[in-house]
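Enquirer: Letter by letter, the chains look like this.
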Amino acid sequence: MLVLNKFLLAWLIFIWTLPGIKHDMTLSLGERFFNSENYYDAITEYKRYIFFNSEKKDNSISNAYYKTGLAYFHLGKSDKAINELRKSIQTANTVRMRDERKIDLAIVLIASGNYGAAEFILIKVEMFSQLPELKKEAAYFRGVASLYSYNWERADEAFHIYFDDLEEKSQGMPIKLESMLNKAQNLKYKSPKLAKILSTIIPGSGQIYAGDWRNGINALLLNSATGYYFVDDILQSQYQDAILNYLFLFGRFYRGNRFHAGEAAKKYNEKLNQNLISHILKTLLGELDNENNKNN
Amino acid sequence: MKHIRLTSIFLCLLLIQQFLLANSNQEKYYKPENILRFAEHLFQEGDYLRAASEFLRYLYYSDSIPIEEDTIYYKIGLCYRLGKNHQKSISYFQKVIADYPYSNYLDDSHFQIAYSHFLSGKYKESLSFADKSLSLIKSDPGRLKLQQLTGLNYIYQKQWRQAVDYLSSLENRVKHNGLSASLLNFAKQGEQLPRKSKFLAGLMSAIIPGIGKMYCHRTGDGLMSLLTIGLTSWQAYDGFHKKGSKSVKGWIFGAMTAFFYLGNIYGSVVTANIYNQQIEDKLLTEVRVTINVSFK
Amino acid sequence: MVKKFVIASTSVTIGILLFTSFSPIIYGQVKDDLIFILRSNSLGKKTENEKLTISKKEVSELKLAVIGFVNLYQKFISSQDIPSCNFTLSCSRFSLSAIRKFGVFHGLLMTSDRLLRCTNIGRKYYPVDPETGLAIDYPIIANYAGKIKNRSIFTFRENSRKH
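Chains as they are written, first to last, in our numbering: chain A, 1 to 296; chain B, 1 to 296; chain C, 1 to 163.
Source of the hints: derived by calculation from the structure; they are not laboratory data. Worth double-checking, as some hints may not be accurate.
Cut-off 27 Å, straight-line C-alpha distance, at most; resulting in silico cross-link-like pairs (BS3-like, lysine-lysine) [as the list claims (entries may be wrong)]:
1) K101(C) / K77(A)
2) K101(C) / K271(A)
3) K132(B) / K95(B)
4) K31(B) / K56(A)
5) K101(C) / K122(B)
6) K87(A) / K28(B)
7) K80(A) / K31(C)
8) K271(A) / K31(C)
9) K124(C) / K282(A)
10) K31(C) / K282(B)
11) K80(A) / K84(B)
12) K196(B) / K249(B)
Some chain C residues near chain A, calculated using beta-carbon distances under 8 Å [stated by the list, open to error]:
13) V30
14) I37
15) N41
16) S79
17) L108
Beta carbons: idealized from backbone N, C-alpha and C, even for Gly.
Using the sequences provided together with the hints, build the complete structure.
Expert: Below is the structure:
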């Protein structure tokens, strides 16, 4: 029983050193507001905590800035969110916390569409972090950022780093994910240049090649009609009518047809990329569930 | 028995320690002086609406606050004005006037209400309130600001003559005050702006298409109008000349000529109107820069 | 012996609980962060332009006919043309907006004036939209009948483009 009392004494001393995190009411109020999506009031409480505890040396200030940043992001204020997240990095006390906050900043940057900036931060974490689990996490999100910017090779390389277990070399990237990334690198895109060339030869054919049948047929009919009158004017020696027809009708629609053929091909490619990213991200979520089950 | 007693003592100490920590946190954050400090900090940071909420929270401790209530209400009004919630700011300034007739902020509150109306674009309300307040305020600085605001309201409503008359009629010491002199100068400039006549612009374009726009310094637009109407009328003439009234081309281009001709006259009148608006807006921008420095 | 075993196992359990409550659980966290990214940055997001289609509230047959004609033009003719409009609101959208707001006759006058102004030469007379690099020209600004109530033309934005 003496040992039990000594243990209880040790426990009491331990609890005494945890007041800032466990018992701060303004932080827990902020958490409550945040969890109930009342982001405006959550920001107030976190700012209150920061104002009154700025001299603290633990990571609670960094956490408060982080949560403020997330709350601003949910309110649609990305610039303020990024600002607060940068402060959370600066006020992080430990190397681990600093790296974690950098990854969090990169996640918010990806969520707000700044993929280049996110990749830059994640590469720095991968290169300079001394914690293997954070390096892997950074690699993972670098892969996600590369996916969003349609850079399949970089995404493949990043996910390989994440899924390759350094200790057990037998484990690799899940097969489904690997095959999707291989498929992505060999996607059959439509060439905008070829679409333009086809439309130059036969108006509307470029759009049809890119899968836009309605606009292709429309372009063919319109260019045929205006082209017919253009040629008819020339054959009947009505050159001024032919010039005006070319300048304001046939010429415009012919050039427009070529332009829209290129755009149709680009739109097709964009749609292909987005469908693939959507599949890959859903696969990633599924794979993470499998990993979680294995570890548990 | 001894062990049970020791254990129960430890547990009691633990509970007391938790209770004390909770209370000390509450005091730290929600002590009236600390709420006020936090509110001032938010105000300095520019987070005005949040600062207003904190000042209101401070007022709930009405029994023990050292600072007078009128100061706090004035500050709240200022926060809402700076946070661009003019409706609420006016209500708080009105409270200072109504509830604290001997307040040091009385004159300022009158000015702030008139200024809030001005900032929300309600120049007539601002004018009438300033006029009423001038009969109530005795202090020179307060009267000066209201008189300047009155002149400003006339300028912003583009009532240049009234602005010149009003600002000229002020007493000498007011008239020669820096801002008052600038406002008088702006009002005189506004009266003498080189405006274009809408009727003349329309008439000129009716005689020669495009000339009205050139008169309003839009030479490019005028030339294009002249060219377009010239081209369509030539084609209409050509069509009627070759085939008489049966010419489809003649009727189509004739209709287009009429369409563009009417549009050209309308456009010239609008251009004169827009030209006048633009030169007035340019002057008002200069006024805005001047008052942003003087009125805070 | 039993007592020692109980104490030791309790200490170990509490130690594990303390450790797991402070160490990051990587896989669960990564999944949550990925869901956060997917929700905030959904793929295929399009900026919706103001829909200028025929409304059931339109009672004038002439107005409906003109709007219908412009819609047909947009769908079959304008869609094949080169994107050459110098203004942020294209001429056909300007026309639809003007006819809906100011009626057929006034709207057609504004359309005619707009077509005459839509050139590269006249671009310098207008403020530029920083997002698209095109000149700003909305029906309200071009309207003669209504006064622009003390608003700067340079900062005007139509409702659908408010930030």
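Enquirer: Would you mind marking each hint as holding or not holding in the structure?
Expert: Hints and how they fare:
1. K101(C) / K77(A): violated (33 Å)
2. K101(C) / K271(A): Roughly 36 Å between the alpha carbons, so the hint for K101(C) and K271(A) is violated.
3. K132(B) / K95(B): Status holds; Cα separation ~17 Å.
4. K31(B) / K56(A): holds (20 Å)
5. K101(C) / K122(B): With Cα atoms ~25 Å apart, K101(C) and K122(B) stay inside 27 Å; holds.
6. K87(A) / K28(B): Judged against 27 Å, a Cα distance of about 24 Å means the pair holds.
7. K80(A) / K31(C): holds (25 Å)
8. K271(A) / K31(C): holds (25 Å)
9. K124(C) / K282(A): violated (49 Å)
10. K31(C) / K282(B): Given pair K31(C), K282(B) is violated - Cα atoms ~55 Å apart, limit 27 Å.
11. K80(A) / K84(B): This hinted pair holds, its Cα atoms lying about 19 Å apart.
12. K196(B) / K249(B): With a Cα-Cα distance of about 38 Å, the restraint between K196(B) and K249(B) is violated, given a limit of 27 Å.
13. V30: Holds, because the Cβ-Cβ distance from V30(C) to chain A comes to roughly 6 Å (cut-off 8 Å).
14. I37: Holds, about 5 Å.
15. N41: holds (5 Å)
16. S79: Check passed: Cβ of S79(C) comes within 6 Å of chain A, closer than 8 Å.
17. L108: Violated. Min distance 20 Å.
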